[in-house]
Amino acid sequence: MPPNGKPQWEGPSEYPYGFRDPEEYLFRSQPGLHREVVEEISSQKSEPDWMRKLRLEAFDHFLARPMPAWGGNLADLNFNEITFYIRPSDRAQVSWDEVPETIKRTFDRLGIPEAERKLLAGVGAQYESEMVYHNIQQALEKKGVIFLSSDDGLKKHPDIYKEFFGTVVPHTDNKFAALNTAFWSGGSFVYVPPGVHVDLPLQAYFRLNAQGVGQFERTLIIVDEGASVHYVEGCTAPVYTRDSLHSGVIEIIVRRGARMRYTTIQNWSTNVYNLVTQRALVGEDAVMEWVDSNLGSRLTMKYPACILQGKGAHGEILSMAFAGRGQHQDAGGKMIHMAPGTSSKITSKSISKAGGRSSYRGLVRILPGAAGSKSKVVCDALLLDSDARTDTYPTIRTEEEKVDIGHEATVSRIGQEQLFYLRSRGLTEEEAVTMVVSGFIEPLVKELPMEYAIEMNRLIQMQMSGSVG
Amino acid sequence: MARRSERACENNDPAALKPPPLTDIQVEAIGRETGEPGWMVDLRRAAFELYRRMAMPSPAADAWRRTDLLQFPFSELNLEALAVSGKTKRVPAAWLKPAAGARTGGQLALDDRDVHTATLDDDFIRAGVIFMPFSQAVRDHPDLVRRLMGSIIPATADIFAALNSILWDAGFLLHVPKGVKVDKPLHSLLWSSGEGLRAWRLLINVEEDAEVSLLHEVASPERSEAAARLDIVEMIVHPGATLRFFMTQAWGGNVVRVAHEKAVVNRGGRLFWGNAHCGARSTKVFSTLELIGEGASAQWSGLQVLDGDQRADITTAQNHMAPKTVSDLLNKSVLMGASQSNASGMVRVEPEAAGTDGYQGNRILILSDRAKAEALPGLEILSDDVRCSHGVSIGGLDPEEVFYLRSRGIPEAESKALLVEGFLEGILHRIPDEEIRQRMHLAISAKMKTMEAGQVQNTESVRQQPIPDAEGAQL
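As given, the protein sequences belong to chains A and B, one line each in that order.
If you use this note's numbering, the first sequence corresponds to residues 20 to 488, in order.
If you use this note's numbering, the second sequence corresponds to residues 6 to 480, in order.
Just so you know, the hints here were simulated from the structure itself, not pulled from any lab data.
Be aware that one or more of the hints could be misleading.
These stretches of chain A come out as covered by chain B in the derived footprint (C-beta under 8 Å, 3 or more residues) [to be verified]: (1) 338 to 350; (2) 400 to 409.
Listed below are the simulated BS3-like cross-link pairs for lysine-lysine, each with C-alpha atoms no more than 30 Å apart in a straight line [unchecked claim]: (3) A:Lys364 <-> B:Lys377; (4) A:Lys421 <-> B:Lys377; (5) B:Lys183 <-> B:Lys329; (6) B:Lys183 <-> A:Lys395.
In this text, a Cβ means the ideal position worked out from N, Cα and C, and glycines have one as well.
Isolated chain A (complex conformation) (with noise of 0.2 Å):
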């Protein structure tokens, strides 16, 4: 798409969930890197010693290492600016009524208790550093499924917390797992027992508002055997012109014969960097989906993961991104696959434009033993202008003789042709170009709630207004 000299579309001002609230807050932590900090957090939420102590050893590995080298430029991420810890109320409400009139208004326009009304079944909201409201239904509950926010699950369930926190992301797994692991606060805790199937989706929303705030959020997630869940998390931020930081570190048990799906609408503002690990363990028979969208953030470093550690294990995951002016989407997944019989497959649909830049980085992995496993990867990519770049950096490494992996990557723009049909049923360009890029993520979107692939389309609708002529 020639830019035609036409007004592109800028990002932060057409930016629907720009807005921001006064910054009134029960707790806010001195900004920049200090041991003072994680202490304070942790006595604040009067954790037991053993998470206290966990959160040094993390700050501690944190500091001594290096910041990765690769992927997105991390340069300008300044830690000394950002505000490791805001408190915004006491507690997580269970009543909507309850939580505080400045937040209730946030979360109202961006719609949530209203979608909860409709179609979910329990909601997290969580805003800066604390989950603010939490709730699930009742059937559920009585059910046995459990929904809190991650610091009442770790109140609450300190044995299940104790034995299972950490343990899919090690702190000492990456330098912003050790970051997540010192800072955490929110998050939400999950756990569906045996045999349970929770039909409609758990919703998890996060929201900064602060400037130059870091957001940590935990979740752990365990689908007993033969349960099943869907949880779906959503993300903005208000423009500032200081840079804001969301680090998440997201840890899910899939037993055996379980089923899992994890979906991600991340639309952070331009001005966040989102750097996030999520991993799965799956077991025997068990399934993990990442449904996992990123067109928000300044600069996204995200690759959802699924460990087939089970036999027959299955994990898929959908990765859609989209970068518009000043963004950098590195996105993409791993796949290990540790177990016989183990299938994965993962699909990329990247669209960058007005010098967006997205990259695919994607690893899958068959260990020795792990035979007869079935990968299969494609990613597909599409330019909107001469401007935009975009980057496929897969690895693929086998240990085994019996396997069957397979890897396709395509580079395209729109094609005139397209163009030039729609326009010739009297589409305008702008509207036949929405409905290419619309086509080219149709896979990605029917696999969303129906709420939220309406939102999606939206969205891409707003990305692609004023892009052309």
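Given the coordinates of chain A, work out where chain B should sit on it, guided by the hints.
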């Protein structure tokens, strides 16, 4: 991260990671030995100055972390071989047979640094074609050599390129003047004793609208002591020219190899480049296509047939730097025994390269559960008017296909061999010249024979026969 540090720890051999300890005296001796002109000696000295300031690459560096080659004790290698000349060895007759039989337009065979054969059809000589040992070209065509040598791969590229620029004692120059069509395939051979550390280079310059085909072979006998070979292959395809370059590498299993190969293709130039790697214990190749003129095209075809503990780590780059350029890369590996193959490639399309078509394919056939394969096919696209894609497939033989052939009465081992043959065919058919194709096939079949005999896991049997009727080579 963890993997990198792990690698670094593995490297506890004190001899590893140290560059070979060269002295001024040794460097001076190389030039003196061949009586080369002062400017060439100066080039070696300059490369030596550079080399002294260089360190071995870090095993954590992106280009080196997938190979075990840096753990090889380069610093302990015998450099004495360099100072010794005229050591006559017998070049096996099988290798000396002209590649395209009677159609061969010229043949150049080196026995390490010594010239064994040097022929070129009179027609081509009259047309100004130069096809001669590099050391002779240095004396006979100093202007050409000074202008082009190192212009594609300078000594500054890395420590191995610097080392090659100091040490090289064998080499070939092929120059085809403007408009000249060399309509018979040329054949060059470097037979080496397979001792110590040595370096060779090949420079091919195909002037405007000229055309040439070359089959280049390197081979050495099986020996027990460790040895290393460093290659530099520089290719320049001028506007409208066509180069067909094919290479078979059959070093003995005692050899490790570090190769830098690069071709620059100008406007409307066409390059067909194929290579078959059968030999060497560990290979690290940097192979680059640079399409710098509008409408330049290149086809790159690679084949690795590995067994025993062989490793091949091949880094390819397809750089599209001008509009309407086309690159088509297909690499196939057959892995037996406990061999390992790593193929990392990058297709890069610069903003000015509109209308580009780039393809990168990797097919890996694993015939043993001890073999390991890794593929990293990358794309970096900075222009929107492109068609770029890559594809990777890794797997063993399809049991259904084996079953089908067996149901037709073909024994299992033979069925498998047929399927492997079919797999290789996909690469071999990209070699246009029938005789060159057959010649390259010979080296491959020798290796595959062991599989037919059901000896896939057996390293030693393979090592005994690098090429048919080359027994005379066994020292």
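Cross-check of the supplied hints:
1. 338 to 350: violated (count 0)
2. 400 to 409: holds (count 8)
3. A:Lys364 <-> B:Lys377: It holds: about 21 Å lies between the C-alpha atoms, which stays within 30 Å.
4. A:Lys421 <-> B:Lys377: Between Lys421 of chain A and Lys377 of chain B the Cα gap is close to 12 Å, so the pair holds against 30 Å.
5. B:Lys183 <-> B:Lys329: With a Cα-Cα distance of about 24 Å, the restraint between Lys183 of chain B and Lys329 of chain B holds, given a limit of 30 Å.
6. B:Lys183 <-> A:Lys395: Not satisfied, since the Cα-Cα distance of roughly 48 Å exceeds 30 Å.
Of the numbered hints stated above, those contradicted by the structure are hints 1 and 6, listed in ascending order.
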